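Student: Protein chains in written order, with the working numbering: chain B, 82 to 394; chain P, 82 to 394.
There could be a bad hint or two in this list.
Said to hold, decoys possible - Distance condition first, Cα-Cα at most 30 Å in a straight line; then the derived DSS-like pairs of lysine-lysine:
| hint | chain 1 | residue 1 | chain 2 | residue 2 |
| --- | --- | --- | --- | --- |
| 1 | B | K259 | P | K208 |
| 2 | P | K208 | P | K263 |
| 3 | P | K162 | B | K259 |
| 4 | P | K182 | B | K281 |
| 5 | B | K239 | B | K263 |
| 6 | B | K281 | P | K371 |
| 7 | P | K131 | P | K297 |
| 8 | B | K223 | P | K208 |
| 9 | P | K281 | P | K297 |
| 10 | B | K162 | P | K259 |
| 11 | B | K259 | P | K182 |
| 12 | B | K162 | B | K237 |
| 13 | B | K161 | P | K371 |
| 14 | B | K208 | B | K293 |
| 15 | P | K223 | P | K199 |
| 16 | P | K297 | B | K199 |
Think of the hints as simulated: they come from the structure by calculation, not from any bench. All figures in this text were calculated on a predicted structure; none of them were measured in a lab.
Number of protein chains: 2
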Amino acid sequence: MFNFSLSSNKNQLSNEILYDLIIVGSGPAGLSSAIYAARKGLSVGIIGDKPGGQVNDTSSVENYIGFEFVTGEGLAEAFKKHAESLEIHMANDVLVKSIEKDDVFKLIANNYMTYQSKTVLIATGSKSRQLGVPGEKEFYGKGVTYCAICDGPLFKEKTVVIAGGGNSAVEAAIDLSKIANKVYVVHRSEFRADKILVDKLYQLPNVEILLKTQIKEILGDGLVNSIQTTGELDGNLLTDGVLVEIGYVPNSQFADVEKNQRGEIIIDDHHMTSISGIFAAGDVTTEPYKQIVVAASEGAKAALAINEYINNL
Amino acid sequence: MFNFSLSSNKNQLSNEILYDLIIVGSGPAGLSSAIYAARKGLSVGIIGDKPGGQVNDTSSVENYIGFEFVTGEGLAEAFKKHAESLEIHMANDVLVKSIEKDDVFKLIANNYMTYQSKTVLIATGSKSRQLGVPGEKEFYGKGVTYCAICDGPLFKEKTVVIAGGGNSAVEAAIDLSKIANKVYVVHRSEFRADKILVDKLYQLPNVEILLKTQIKEILGDGLVNSIQTTGELDGNLLTDGVLVEIGYVPNSQFADVEKNQRGEIIIDDHHMTSISGIFAAGDVTTEPYKQIVVAASEGAKAALAINEYINNL
């Protein structure tokens, strides 16, 4: 007899199994939570885009302790391999459209499948808000960056433009003034940052502040070499890079749980959302530090909390 | 002219520099915070025992995402190497005796040196908890041990009792079953360890599990030869050694900051202790999950919070 099976891969997520936990999102938070949950003996599924998530889009990672220097793809691969070494069922390149609560949770996916689980962990991360100007996409990773903490050291003894006027932008400017030769802060309106930070910024000799000025285009030749601006300063500004610090957009639209004004999911001390049985971890939550090691830790902690929740059901 | 210098090593902690941050402790929390702080442009020192901390004493690590399987020593080495790639000044095999607050913080060390810093991060971790039974102290190093990796080989082809029911105890039992002739796991209640580990333990032919059983006394004649038990098993059990794996006591005695009943340091959302300018992170704090990835994350977050604190000074 022939054995026809659409899910011959032992690690493939099945719509016929009721899982203890399905994790939505396969970035550092999702994969780390899967590892911890599987080691606790829970049946675990993951529905995600690409294993490793945003880590794949990072040129290099130098602040995840243990990996002195690794490409984003290399670290994402190490994370994926680690998760695959355990019995974790995955559906990659799949997005969850909505979560319905019945006796169990039903996750409706864009592959026309419905998956079932006793608990759900939302770990879909967030994406950086973009300026939406010509050259921004083209020069991403070639001078354009969205992460001061990750890529700040790249601007050592160079000139850098920071786009933004909130706390993150001003803090990034203060930090980068210690590393770079010259820092421009370009913001379309007035500062929204805390006064104490703005006051400090104005005292820094190698920082120039351009308010009511908009970046119109990012220019370069292989790498960023200048920006075109309009407004208070209308012209061309030479720079080695552009750090865009204008906030994040959490990937939380599909989830009908309580969020803050920015769309970040609100969780309690046990990583539980406003709906009992639905948990969240990592960049999609109100956790202020959007870092790989933090997401991995939050995922691990959420898995331990979910295990305790299931033991108590 | 000869150049006499006591601190010829560029990475050696100096008592002549006023650091932005001195970290007390060089485990995962301490080293991760040092990496983040140095990358922020802060001048950073570490005073610690052994880089990698307790990770060194662990036989293998399988849940730190990115490292599918690594020895404790291997992971500690990777952490150390990562920190050493940055300009971080270290004093190894040194303990801090007390912290005094003047214009700046003064850290009095047991090497007769006093180091100075604008901020302090306490990341001293925790140490093994003792059973507190007669014979435990007497036979320490004569059959009683708290370190499976260090002393495991001593029990080659012998009989050993492991006290405890958490992950460390069960992992130690699995490791020792490969070396020893006979392993007893004695625990006063039920297992708290991961199911995956407990299942594995029950499959091992030379492991005997005694739950709801307490060790009353450790007996011997020069070396351990038996234990006296009470509970489910009430009697005398012949053994060549006792490996105690029942948790940890935080290394917080030297620090005059607010703590909970267990001696764990209480911190706020910004990792600040009850003394402004003194921060804490990792196993020494009230953080409930004593995991490597959690400590690394807490260290990173503390460093970012400290950077913000310094920016606001």
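Student: Indicate, hint by hint, whether the structure satisfies it.
Tutor: Right, here's what the structure says about each hint:
Taken as a hint, the K259 of chain B and K208 of chain P pair is broken in the structure, with Cα atoms around 38 Å apart against an allowance of 30 Å. With a CA separation close to 27 Å, the supplied pair K208 of chain P and K263 of chain P stays within the 30 Å bound. Our distance criterion of 30 Å between C-alpha atoms is met by K162 of chain P and K259 of chain B, whose separation comes to about 25 Å. Using a Cα cut-off of 30 Å, the hinted pair K182 of chain P and K281 of chain B holds, with the two alpha carbons roughly 25 Å apart.
For the given pair, K239 of chain B sits about 7 Å from K263 of chain B by alpha-carbon distance, which is consistent with the 30 Å threshold. For the proposed pair K281 of chain B and K371 of chain P, the alpha carbon gap of about 38 Å is over 30 Å, so the pair is violated. A threshold of 30 Å between alpha carbons decides the hint, and for K131 of chain P with K297 of chain P the separation of about 34 Å lies outside it, so the pair is violated. For the hint pairing K223 of chain B with K208 of chain P, the CA-to-CA distance comes to about 47 Å; that exceeds 30 Å, so the pair is violated.
A C-alpha spacing of about 28 Å is found between K281 of chain P and K297 of chain P, which places the hinted pair at or below 30 Å, so the restraint holds. For the hint linking K162 of chain B to K259 of chain P, the alpha-carbon distance of about 27 Å falls within 30 Å, and the restraint holds. At roughly 27 Å between alpha-carbon atoms, K259 of chain B and K182 of chain P fall within 30 Å of each other, so this suggested pair holds. Only pairs whose Cα atoms come within 30 Å are accepted, and K162 of chain B paired with K237 of chain B is rejected, the gap being roughly 34 Å.
The straight-line distance between the Cα atoms of K161 of chain B and K371 of chain P is roughly 24 Å, inside the 30 Å bound, and the hint therefore holds. Restraint check for K208 of chain B and K293 of chain B: satisfied, since their Cα atoms lie roughly 25 Å apart, inside the 30 Å limit. Simply put, K223 of chain P and K199 of chain P have alpha-carbon atoms about 45 Å apart, too far for the 30 Å limit, and the pair is violated. Taking the CA atoms of K297 of chain P and K199 of chain B, the gap is near 43 Å; set against the 30 Å cutoff, the hint is violated.
Checked against the numbered hints listed earlier, the structure breaks hints 1, 6, 7, 8, 12, 15 and 16; every other hint is satisfied.
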